[in-house]
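Residue numbers (my numbering), protein chains in the order written: chain A, 792 to 905; chain B, 809 to 922.
Each hint should be verified, as a subset may be incorrect.
To be verified - A short list of chain B residues far from chain A (calculated; beta carbon distances all over 10 Å):
{"id": "1", "residue": "Val812"}
{"id": "2", "residue": "Gly836"}
{"id": "3", "residue": "Glu852"}
{"id": "4", "residue": "Arg872"}
{"id": "5", "residue": "Leu899"}
{"id": "6", "residue": "Thr910"}
{"id": "7", "residue": "Gly914"}
Stated by the list, open to error - Pair ranges (Cβ atoms, derived):
{"id": "8", "chain 1": "B", "residue 1": "Thr821", "chain 2": "A", "residue 2": "Ala808", "range": "43 to 53 Å"}
{"id": "9", "chain 1": "A", "residue 1": "Ala844", "chain 2": "B", "residue 2": "Thr886", "range": "24 to 34 Å"}
{"id": "10", "chain 1": "A", "residue 1": "Tyr830", "chain 2": "B", "residue 2": "Thr886", "range": "23 to 33 Å"}
These aren't lab readings, by the way, just hints derived from the structure by calculation.
Note that CB positions come from ideal geometry on N, CA and C, so glycine has one too.
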Amino acid sequence: AQSVTQLGSHVSVSEGALVLLRCNYSSSVPPYLFWYVQYPNQGLQLLLKYTSAATLVKGINGFEAEFKKSETSFHLTKPSAHMSDAAEYFCAVSRLNTGNQFYFGTGTSLTVIP
Amino acid sequence: GAGVSQSPSNKVTEKGKDVELRCDPISGHTALYWYRQSLGQGLEFLIYFQGNSAPDKSGLPSDRFSAERTGGSVSTLTIQRTQQEDSAVYLCASSFTWDQETQYFGPGTRLLVL
Numbered sequence: 792a793q794s795v796t797q798l799g800s801h802v803s804v805s806e807g808a809l810v811l812l813r814c815n816y817s818s819s820v821p822p823y824l825f826w827y828v829q830y831p832n833q834g835l836q837l838l839l840k841y842t843s844a845a846t847l848v849k850g851i852n853g854f855e856a857e858f859k860k861s862e863t864s865f866h867l868t869k870p871s872a873h874m875s876d877a878a879e880y881f882c883a884v885s886r887l888n889t890g891n892q893f894y895f896g897t898g899t900s901l902t903v904i905p
Numbered sequence: 809g810a811g812v813s814q815s816p817s818n819k820v821t822e823k824g825k826d827v828e829l830r831c832d833p834i835s836g837h838t839a840l841y842w843y844r845q846s847l848g849q850g851l852e853f854l855i856y857f858q859g860n861s862a863p864d865k866s867g868l869p870s871d872r873f874s875a876e877r878t879g880g881s882v883s884t885l886t887i888q889r890t891q892q893e894d895s896a897v898y899l900c901a902s903s904f905t906w907d908q909e910t911q912y913f914g915p916g917t918r919l920l921v922l
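Bound conformation, chain A alone (with noise of 0.2 Å):
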């Protein structure tokens, strides 16, 4: 079975600061890892995903995730916060046998304080 898990509802951050949204996820064989942000009134956008070539993966807007078999972690981060990445961010792992079924963590809200 595939889960995520996504710690923190709510994470508030300074401009300027270390953004780290966590995610663990859980899978009986090796996944495929996504994380999607959601933009006010917006639909899901696609920052950066994991299908088992490098453990470090860079996406769009200076953010990057790294694999962590060992730890079963995804986390996603950014050196330094923009205004505008306040949004909802969504963890999510790909089921690999009769589909593609994407299992979604519950989001982290970002707020950016200025």
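Here the structure of chain A is known, so what remains is to put chain B in place on it, guided by the hints.
Just chain B, lined up with the frame of chain A:
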């Protein structure tokens, strides 16, 4: 089209009425997915299509929910005898194939059942 489109963007209905939600996937994408996003519930998988067939209907919450896809393109999600707990944002996504491809999401349909 340039992206996944959904209609209507907002729908208000009375309890007990039927509603149809429409999804237009990205041209050429063979896989199509429906999700539901409820307050405090995160994103919940409903159903996916590979072409016109739906191998996995396990996520449909009750027999009041059904979906079809015709011509390998447009899909409609139908909710019969709507209940207040059906109020949510219904998201559609598509991908080129079903096999671990990135899913591209539409803006969603916000359904409110009074």
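Status of each hint after checking the structure:
Against chain A, the non-interface label of Val812/B is violated: not every CB pair exceeds 10 Å, the least being about 7 Å. Residue placement check: Gly836/B keeps its beta carbon more than 10 Å from all beta carbons of chain A (closest about 16 Å). Separation of Glu852/B from chain A is inadequate, the least Cβ-Cβ distance of about 8 Å not exceeding the 10 Å criterion. The claim that Arg872/B lies off the interface holds: its Cβ sits roughly 21 Å from the closest Cβ of chain A, which is beyond the 10 Å cut-off.
With a minimum CB-CB distance of about 7 Å to chain A, Leu899/B fails to clear the 10 Å threshold, and the non-interface call is violated. A beta-carbon of chain A is positioned within 10 Å of the beta-carbon of Thr910/B; the least distance is around 6 Å. Non-interface status of Gly914/B relative to chain A is broken: a Cβ of that chain comes within 10 Å, the nearest being about 6 Å off. The supplied range of 43 to 53 Å is met by Thr821/B and Ala808/A, whose beta-carbon atoms lie about 44 Å from each other.
A hinted range of 24 to 34 Å is violated for the C-beta pair Ala844/A and Thr886/B, which are about 40 Å apart. Range check, Tyr830/A to Thr886/B: about 29 Å between beta-carbon atoms, so the 23 to 33 Å window is met.
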